[in-house]
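Q: Top to bottom, those sequences are chains X and R.
The numbering of the first sequence is our numbering, which starts it at -8 and goes up by one.
The numbering of the second sequence is our numbering, which starts it at -8 and goes up by one.
In case anyone wonders, no lab produced these hints; they're calculated from the structure.
One or more hints might be untrue.
Note that identical chains are pooled: a pair holds if it fits in a single copy or bridges any two copies.
Below, computed lysine-lysine pairings styled on DSS-like, alpha-carbon distance capped at 27 Å [what the hints assert, rightly or not]: (1) K197 - K126; (2) K31 - K170; (3) K167 - K126; (4) K97 - K239; (5) K126 - K241; (6) K200 - K239; (7) K239 - K126; (8) K200 - K126.
Just so we're clear, the structure is a prediction, and the values are computed from it rather than from any experiment.
Take a look at the letters that make up each chain.
There are 2 protein chains.
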Amino acid sequence: MEKFNFTEYFKEKIEAVEETLIQFFPESEGYAKRVIEAAKYSVHAGGKRLRPILCLVSCEIVGGDWRDVLLFAAGIECIHTYSLIHDDLPAMDDDDFRRGKPSCHKAFDEATAILAGDGLQALAFEFFTHPSQVKRVSKTRLIKAIYKIAKAIGFEGMVGGQMADLLMEGQEGNTKILKWIHTHKTVKLIEASVVSGALLGGGDVKQVKALTSYGRHLGLAFQIVDDLLDVIGDEKKLGKRVGSDQKKQKLTYPSLVGLEKTRQLAEESIKRAISALSYFGSEAEPLRLLANFVLNRVY
Amino acid sequence: MEKFNFTEYFKEKIEAVEETLIQFFPESEGYAKRVIEAAKYSVHAGGKRLRPILCLVSCEIVGGDWRDVLLFAAGIECIHTYSLIHDDLPAMDDDDFRRGKPSCHKAFDEATAILAGDGLQALAFEFFTHPSQVKRVSKTRLIKAIYKIAKAIGFEGMVGGQMADLLMEGQEGNTKILKWIHTHKTVKLIEASVVSGALLGGGDVKQVKALTSYGRHLGLAFQIVDDLLDVIGDEKKLGKRVGSDQKKQKLTYPSLVGLEKTRQLAEESIKRAISALSYFGSEAEPLRLLANFVLNRVY
């Protein structure tokens, strides 16, 4: 498989996302300074910006200008960051490290971390409906995209998945339950990131459908690879301890079907993601590279 | 002052809000059942529905049909409920009771309560952009209303206020800081509830301005009265222990300026709220009654 440097390849877009996250972030001042600093700490803790990039690239592929959805994409990253902050809390996954740095509640404290997450979720919807975002896209499509994201991260999406993930700790599970958890906890937001970009970029029904399929399979592969990395990954590269899933008795693919079969499943999902792109021509190349990149993390 | 039964007077609207919250709430089923049940538990724990009522009445006063903003109003109640669930968490205000019932993390557990709050915030934005809501109002105004709410509950609103409130525990404060905390923690969402109703109902600039002023002063009075009730209130009626602010060394008006002066400040705010309604005629009567009701809680 071809060598692909995500950060290098999407440099311009990643930089634009970083800039947007800085430019539109509330000032760290006043009596609530601490919570804004905590949120900034986590937003700038070294995330790859995969989800906002998916949104921008998807917008571009259907013929839109990716610069027109920068605030929307930045909002998606705020949601992703909020979910990580809350996942790491002592009452949840109780992780002290994230991307090699103390997690938010360790660097600050629990109350501040809860509030930082809450504020980041609100900030996402503020970005989505910010006048600078609104004037650049169709209002009908903007509302649809917000609806997609809101559903993807709620009880029937990310929050539901996280709940099931916690409830299944130490329980006997099967691949049906695990797929449900992965789909809700991780896949739906990744899928919604791709779909929102396609909607905002003016994509037609067929384009949106193809990209929905791409997003779903990519998201599944992403989570399967995440499970794998927790077993075979490099602690330094990951910035967190490996083996934590096993320690917490999390339901994962390696624990259910073994490493070899898990690798196969990841490969199958990536193949499906790439085949969903057949509707597009060479303009979908960035998404193909990205799919291979997700898989290559485990090689 | 006239006798006013909030629940009786707004019976039809309150019932419609309750019905909307039931009809559009996700089903308690599947692997994430627990978190949806926890959210439902708190949503139906006996709240007065003040904020959604403010939204509905405000919509009506500017000439809109309150039935057209029911989902929006129900979404505001989801946000309010999420904020109460998170406020009660051990890491935050650590309250075991809310409205006479065990708070969410006591009835369920901490992780479930964190997730229930997170999911309710997402659900609010799902309601705001739900197809059944979208088709009933102007899209431009809907996006503006969502933006207002998102700003009101984020770092520069409710979340910031809650952070400052926690940071000021046991600290020496003054009325300037306290007003900042109250404004951010409580007032901005109440104000945004009124303003969103006015925007969605088709209110013009002058109407929205007058109702913004009403909402701000009503919100201030509401929080001042809340401070008072924690000192002089009836535990049975409140459904929670009185004296908890003092125990936690919270910054409150009674602690800073005494009971008599606090009463005066509440009365002044209510007067200002009512005088902001002078722009309207008798159609603003429900908001006048509501303002007096907020004050009468302490008599």
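Q: Could you run down the list of hints and mark each one as holding or not?
A: Consistency of the hints with the structure:
1. K197 - K126: both (26 Å within a copy, 24 Å between copies)
2. K31 - K170: between (32 Å within a copy, 26 Å between copies)
3. K167 - K126: neither (43 Å within a copy, 37 Å between copies)
4. K97 - K239: Intra 19 Å, inter 23 Å, cutoff 27 Å: intra and inter.
5. K126 - K241: neither (44 Å within a copy, 43 Å between copies)
6. K200 - K239: For K200 and K239, the Cα distance exceeds 27 Å both inside one copy (37 Å) and across copies (54 Å).
7. K239 - K126: neither (47 Å within a copy, 46 Å between copies)
8. K200 - K126: Answer is both: 26 Å inside a copy and 23 Å across each meet the 27 Å cutoff.
Hints 3, 5, 6 and 7, counting from the list given before, are not met by this structure.
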